[in-house]
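J.: Now for the letters of each chain:
There are 2 protein chains.
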Amino acid sequence: MTALNGQMMHMPLLISSLVRHAARHAGQTEIVSKRVEGDIHRTTWSGIERRSRQVAQALARLGCAEGDRVATLAWNGYRHLEIYYGSSGSGLVLHTINPRLFPEQIAWIANDAADSVLCFDLSFLPLVEKLAPALQTVRHLVLMTDRAHMPAASPLENLLCYDELVEAENGDYAWPVLDENAASSICYTSGTTGHPKGAIYSHRSTVLHAFGSAIPDAMACSGRDVILPVVPMFHVNAWGLPYSGALVGAKLVLPGPHLDGKSLFELFEQERVTFSAGVPTVWLGLLTYMKANDLKFSSFKRTVIGGSACPPAMMKTLQDDYGVEVIHAWGMTEMSPLGTLSRLTSRQDALPKDEQQHLLEKQGRVIYGVDMAIIDDEGRSLPWDGKSAGNLVVRGAWVIGSYFNRPESPLVSVDGEPGWFPTGDVATIDADGFMQITDRSKDVIKSGGEWISSIDLENIAMAHPAVHEAAVISAKHPKWDERPLLVVVAKPGAAVSREELLGFFEGKIAKWQIPDDVAFVAEIPHTATGKIQKLKLREQFKDYRL
Amino acid sequence: MTALNGQMMHMPLLISSLVRHAARHAGQTEIVSKRVEGDIHRTTWSGIERRSRQVAQALARLGCAEGDRVATLAWNGYRHLEIYYGSSGSGLVLHTINPRLFPEQIAWIANDAADSVLCFDLSFLPLVEKLAPALQTVRHLVLMTDRAHMPAASPLENLLCYDELVEAENGDYAWPVLDENAASSICYTSGTTGHPKGAIYSHRSTVLHAFGSAIPDAMACSGRDVILPVVPMFHVNAWGLPYSGALVGAKLVLPGPHLDGKSLFELFEQERVTFSAGVPTVWLGLLTYMKANDLKFSSFKRTVIGGSACPPAMMKTLQDDYGVEVIHAWGMTEMSPLGTLSRLTSRQDALPKDEQQHLLEKQGRVIYGVDMAIIDDEGRSLPWDGKSAGNLVVRGAWVIGSYFNRPESPLVSVDGEPGWFPTGDVATIDADGFMQITDRSKDVIKSGGEWISSIDLENIAMAHPAVHEAAVISAKHPKWDERPLLVVVAKPGAAVSREELLGFFEGKIAKWQIPDDVAFVAEIPHTATGKIQKLKLREQFKDYRL
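Just so you know, the sequences run in chain order R and H.
Quick note on numbering that gives the first Met the number 0: the first sequence kicks off at 0 and runs consecutively.
Quick note on numbering that gives the first Met the number 0: the second sequence kicks off at 0 and runs consecutively.
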């Protein structure tokens with residue numbers, strides 16, 4: 000007989016359904032924002048949904064049609080949230096731009112995305128005034144404030160006032176039934192080489208990501224939570240929290256521009272925040288402030304830390320001294336962004352505490368919806384033994400298949416099966432599925448078929464008392480093809496020899512992994528965001544021979 | 000400009016992806032079964048997936064083709080789980096039949112579904128021997144056991160041995176990429192009137208339901224959990240736990256046929272069960288056994304109770320005396336089945352304990368994916384004030400649009416908007432979205448435009464010391480159209496008057512809701528499953544006039 004269909008209702012997975020759900024079933028739950036204007040603003044999911052409908056009407060009145068891109072340069076706040084839902088919900092494509100990029104990059108990105116409208120916070124008025132002449136497609140500039148805060152004079156022509164635009168609409172608007180595979184938002188990755196590339200998400204991928212990120216093995220979001228996303232709404236859509244927060248009807252606390260320890264701590268306490276998420280550096284500032292003032296949290300229970308690896312000492316301090324559960328997470332823009340989170344399973348219940356802690360420091364297990372593998376340079380999958388390191392590849396419901404405006408496919412094959420996205424990371428996976436990043440693919444040292452992690456070697460070198468900064472790069476080797484070269488900036492006044500440094504590695508790592516040589520330099524080059532520029536370093540040592 | 004699509008990978012929501020995920024990322028996690036044969040059997044998610052592939056091969060070898068129905072009459076066990084995944088995963092449609100139905104009903108259901116294969120546990124051999132001649136479409140009978148336990152002689156021709164069929168296959172099978180809207184399983188409701196009706200789920204609805212049921216506001220399933228579904232796998236697919244368990248890679252403990260207090264308690268303790276789900280009566284047996292033997296749980300943390308309302312006293316005992324969190328849930332076969340669960344939100348954090356408890360005793364809030372409304376008999380929506388009672392209607396991603404083999408649509412409109420499924424329940428909803436069932440639609444008494452809950456009146460009457468059983472039905476009334484009639488079976492030896500009983504209601508309920516009359520009877524009719532047959536009772540009193 001022929002195939003048979005299920006007889007279920009058709010409910011497309013749309014971003015509008017998230018905010019409708021929150022407004023209908025958690026309508027009185029608060030959305031609290033620390034405004035750029037300086038004060039605290041309070042609304043509810045019901046208020047957000049009503050104003051989002053007005054935003055949809057206002058954008059249509061500005062001439063936006065299905066598929067048009069609406070850009071933002073904005074902090075975490077209720078107006079930004081309204082634009083999230085008002086744009087995507089009405090069939091437009093939200094494009095959150097990272098204001099920390101160089102102005103030329105911002106203009107390049109806005110032009111590549113062909114943004115129609117740019118909405119921005121007061122903080123970014125000087126930036127936009129500078130940018131405006133370079134924006135080739137933007138037809139409307141909307142300042143996200145009220146009439147009272149509009150500038151008396153601005154070189155920008157036809158600068159629109161967000162609150163006025165929104166309040167001119169009556170909200171009598173029904174969310175359209177869109178194709179769930181339609182584009183909903185676009186985020187650009189800031190690659191270290193070449194132009195940024197756009198990841199263009201769909202309604203379906205966003206809703207499935209919201210489901211995946213809400214489950215207990217991921218962020219464990221619930222209606223009982225008060226969520227403060229420290230991660231910016233311009234950084235991979237605040238890791239999806241504006242969506243998962245609506246899915247569960249959580250109270251949201253949006254911190255605006257001030258992310259210093261004092262501002263954050265006061266918001267955490269005033270609003271009884273239970274859950275937060277951000278990169279490691281944010282927690283550093285918060286903990287420093289709390290320690291200096293001998294403060295404790297009264298409601299804060301758990302946090303997701305991602306973006307870069309969380310130092311074990313920070314995990315320990317948060318857990319042991321402040322009673323905050325740390326959930327180590329890994330993902331990337333191309334993954335919406337959540338891939339793995341480090342959460343124990345029933346199989347690890349009986350392990351000693353330090354072995355559990357060791358697992359929690361890894362990047363963790365994938366959520367259902369994502370699959371991963373590690374492969375060698377020929378695309379053969381490697382064993383999940385916790386030791387074999389390989390190129391980490393992923394696939395799944397919220398992983399990109401291709402980049403916006405780029406015809407070439409980024410995907411690779413695993414054991415001949417196509418359709419995997421190469422993350423650019425090198426990782427191990429153990430038998431229980433715990434993944435650990437050991438390096439970036441381009442930084443790993445490939446010595447006679449064996450891979451050596453540059454990060455492992457750097458961590459050891461940095462522990463030497465005479466070392467101020469260390470970087471390990473590959474140097475050409477006649478027999479082994481590549482061997483590790485340790486590049487070191489010594490501490491001022493410290494004297495240390497090549498032999499002493501190389502001897503320092505003994506017993507800490509396998510003999511064949513110890514660097515072959517040390518190069519002492521006065522300075523190691525860094526990117527604008529403080530990362531070591533290994534590309535530049537490799538360039539500098541390209542003629543070096545072991 | 001024209002609409003723009005997202006550029007995400009295409010990953011259809013298929014049931015095979017659940018078991019593949021569990022096998023790949025929680026492959027060593029155990030599936031423990033108490034077998035019909037009497038012993039404990041241990042396998043893993045990896046083992047389940049491998050055998051499911053063999054089941055898929057075996058079913059294909061038996062001639063099953065995409066869309067064919069594979070029926071089961073089986074307890075909770077690993078073979079049943081293998082058939083779940085082996086059938087649906089390969090494009091066949093799993094049809095779990097409730098063995099507690101009358102044999103004629105089972106035959107009717109199997110014929111209506113046009114089942115091709117029937118797999119059954121040893122316990123049901125006598126039943127199937129009796130049924131077989133009435134099965135019009137079943138081509139193969141498969142006994143779910145090994146060769147050693149096959150009967151020496153059976154009137155059944157060509158009785159097949161499950162383990163032999165499975166073990167004859169090599170497992171070299173790739174799960175097909177199906178349309179996610181294809182049928183995956185079918186469950187029949189046992190209506191009180193007319194023939195049972197089939198709800199036919201899709202892969203998509205099943206996977207979305209698994210996501211929805213795993214989030215913290217629902218069942219909060221994780222890889223840390225050891226889940227023992229007491230709810231049978233023939234009862235709305237064990238409320239989806241075989242799917243959500245795979246989605247999170249939880250350890251499953253499948254209890255087989257023995258659900259008495261002693262058997263369950265021993266399994267809970269031996270396997271360190273953390274989470275369970277079932278109807279109230281199961282917990283009654285378990286608690287009675289534990290109390291009699293002065294036992295406590297060592298790992299059991301929370302349970303979902305649904306199927307019928309959980310008595311507040313049982314909730315209290317489980318929570319206060321045994322430290323088990325009780326999650327009150329409501330749903331129905333037509334909803335896959337989960338609709339609402341009673342979980343507090345941040346808005347209720349500061350409420351006094353007894354007010355929180357009162358909320359937890361309600362049926363609760365919907366999960367994202369489901370929407371609900373209450374309407375009057377004209378389809379107008381009623382306010383969410385916690386007082387107005389109306390017909391409860393639902394819609395959503397895992398709600399049926401129509402019944403199998405039934406051309407007529409069951410759906411109704413709300414304020415003129417079509418597409419809502421009428422649940423047959425009467426409920427109130429409060430401003431925070433907490434729903435409470437107050438009656439069945441057909442049992443509510445409609446008195447002069449006001450609705451009176453028959454359940455409320457019965458609960459009051461049952462509290463009178465002389466009352467053995469009470470049922471309230473509507474009786475025709477010249478002025479008010481309907482008025483409540485209290486039908487009572489007095490306790491043996493007890494004497495109670497009409498006046499005393501009616502007086503007993505005073506102060507307990509609004510005066511206009513007090514029944515108009517009392518009818519004393521020797522017996523109240525019941526269904527096979529012990530429910531009061533109000534239909535028969537109404538028939539019995541159809542000429543009664545107030």
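Think of the hints as simulated: they come from the structure by calculation, not from any bench.
Please note: incorrect hints may appear among the correct ones.
Repeated chains share a single entry, so a pair holds when one copy, or any two copies, can fit it.
[Said to hold, decoys possible] Simulated pairs of lysine-lysine, DSSO-like, Cα-Cα distance not exceeding 27 Å:
| hint | residue 1 | residue 2 |
| --- | --- | --- |
| 1 | K300 | K352 |
| 2 | K352 | K295 |
| 3 | K295 | K475 |
| 4 | K290 | K541 |
| 5 | K315 | K507 |
| 6 | K261 | K295 |
| 7 | K490 | K541 |
| 8 | K300 | K290 |
| 9 | K490 | K261 |
| 10 | K535 | K129 |
| 11 | K295 | K478 |
| 12 | K261 | K386 |
| 13 | K290 | K129 |
| 14 | K445 | K352 |
| 15 | K445 | K541 |
| 16 | K535 | K290 |
| 17 | K490 | K295 |
J.: Output the numbers, in ascending order, of every earlier hint that fails for this structure.
T.: Hints 3, 4, 9, 10, 11, 12, 13, 14, 16 and 17 are the ones this structure does not satisfy, whereas the remaining hints hold.
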